[in-house]
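Novice: As they're listed, the protein sequences go chains U and A. This note's numbering numbers the first residue of the first sequence as 1 and each following residue consecutively. This note's numbering numbers the first residue of the second sequence as 1 and each following residue consecutively.
No lab work stands behind these hints: they were computed from the structure. The reader is advised that the hints may include incorrect statements.
Said to hold, decoys possible - Label-pair distances were calculated between CB atoms; the ranges are:
no.: 1; chain 1: A; residue 1: Ser77; chain 2: U; residue 2: Arg41; range: 17 to 27 Å
no.: 2; chain 1: U; residue 1: Pro14; chain 2: A; residue 2: Ser105; range: 26 to 36 Å
no.: 3; chain 1: A; residue 1: Glu22; chain 2: U; residue 2: Pro14; range: 35 to 45 Å
What the hints assert, rightly or not - Facing chain U, a subset of chain A residues (Cβ under 7 Å, in silico):
no.: 4; residue: Arg42
no.: 5; residue: Tyr49
no.: 6; residue: Ile56
no.: 7; residue: Gly99
no.: 8; residue: Gly100
no.: 9; residue: Phe103
no.: 10; residue: Ser105
Claimed, not checked - If you want the footprint, here are the derived chain U segments under chain A, 3+ residues with CB under 8 Å:
no.: 11; segment: 44–51
no.: 12; segment: 85–92
no.: 13; segment: 98–109
Glycine residues also receive a C-beta, built at the ideal position from the N, C-alpha and C atoms.
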Amino acid sequence: QKEVEQDPGPLSVPEGAIVSLNCTYSNSAFQYFMWYRQYSRKGPELLMYTYSSGNKEDGRFTAQVDKSSKYISLFIRDSQPSDSATYLCAMSAGNNDMRFGAGTRLTVKP
Amino acid sequence: SQTIHQWPATLVQPVGSPLSLECTVEGTSNPNLYWYRQAAGRGLQLLFYSVGIGQISSEVPQNLSASRPQDRQFILSSKKLLLSDSGFYLCAWSVLVRGGYTFGSGTRLTVV
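Isolated chain U (complex conformation) (with noise of 0.2 Å):
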């Protein structure tokens, strides 16, 4: 079993859609949760970073963490052409130790 489990998807939504993508994991040392998006042929860059569980909200981004569940989800709202990218979780028990997931690829059309 993978550390961290992503679906590659790829997923594809209508413009406006809400979006939800998910991980799950399997070490439950994991504290620090996190979301980056990845356009292509660029490096990732940090959406949303969540510490235990709980929710988080940053506009039309909503992260949410379940540990009893080990389960993460970043929720789009009012999605746009400009949100299409890879999305990546990636997580870490707090020593240089994050793990990635596979990413998701997401397409969004006007």
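Using the hints, position chain A against chain U.
Specialist: Showing chain A alone in chain U's frame:
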């Protein structure tokens, strides 16, 4: 503000040739530095990280090495490239060890 520079953007090298990729960070002191490799359809694989000058930790034994000759400079090297070394190489930095890295723009390496 902090910036990270990584070059070159693309590189095509023959099998058996040497490799040197450079990464520099501006606007911060004593950053944690990382080299990752990303293969198509796969997640990022941590290759090396460094918490200070001359301090290198290797995650996966392979045909690569890293060095940190200066506080904000991180170099990825190989003496003889293999076909399997092809991939997208990313440098990153952070102040904290718990994540939230800032990545460079990457180098796409093709070994032929």
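Novice: Now look at each hint and say whether the structure bears it out.
Specialist: To see whether the hints hold, each was checked on the structure:
1. A C-beta distance of roughly 23 Å is found between Ser77/A and Arg41/U, which places it inside the suggested range of 17 to 27 Å.
2. Judged by the Cβ atoms, the range 26 to 36 Å given for Pro14/U and Ser105/A holds: they are separated by roughly 31 Å.
3. The beta-carbon spacing between Glu22/A and Pro14/U, approximately 43 Å, falls within the hinted interval of 35 to 45 Å.
4. Annotation: interface hint on Arg42/A holds; nearest CB of chain U at approximately 5 Å, less than 7 Å.
5. Satisfaction of the interface hint for Tyr49/A is found here, the shortest Cβ-Cβ separation to chain U being roughly 5 Å, below the 7 Å cut-off.
6. Taking 7 Å as the C-beta contact cut-off toward chain U, the hint placing Ile56/A at the interface is violated, the least distance being around 12 Å.
7. The criterion of a C-beta within 7 Å of any C-beta in chain U is met by Gly99/A, whose closest approach is roughly 4 Å, and the hint holds.
8. This hint holds: Gly100/A has a C-beta 5 Å from the nearest C-beta of chain U, less than the 7 Å allowed.
9. Taking 7 Å as the C-beta contact cut-off toward chain U, the hint placing Phe103/A at the interface holds, the least distance being around 4 Å.
10. Interface restraint check: Ser105/A against chain U, minimum CB-CB distance 5 Å, threshold 7 Å, status holds.
11. Residues of the segment 44–51 of chain U lying with their CB closer than 8 Å to a CB of chain A number 4, which satisfies the three-residue condition for coverage.
12. Coverage of a stretch by a chain is defined here by at least three residues with a beta carbon nearer than 8 Å to that chain's beta carbons; for the segment 85–92 of chain U and chain A the count is 4, and the condition holds.
13. Under the rule that three or more residues need a Cβ within less than 8 Å of chain A, the assignment of the segment 98–109 of chain U holds, with 6 such residues.
Checked against the numbered hints given earlier, this structure breaks only hint 6.
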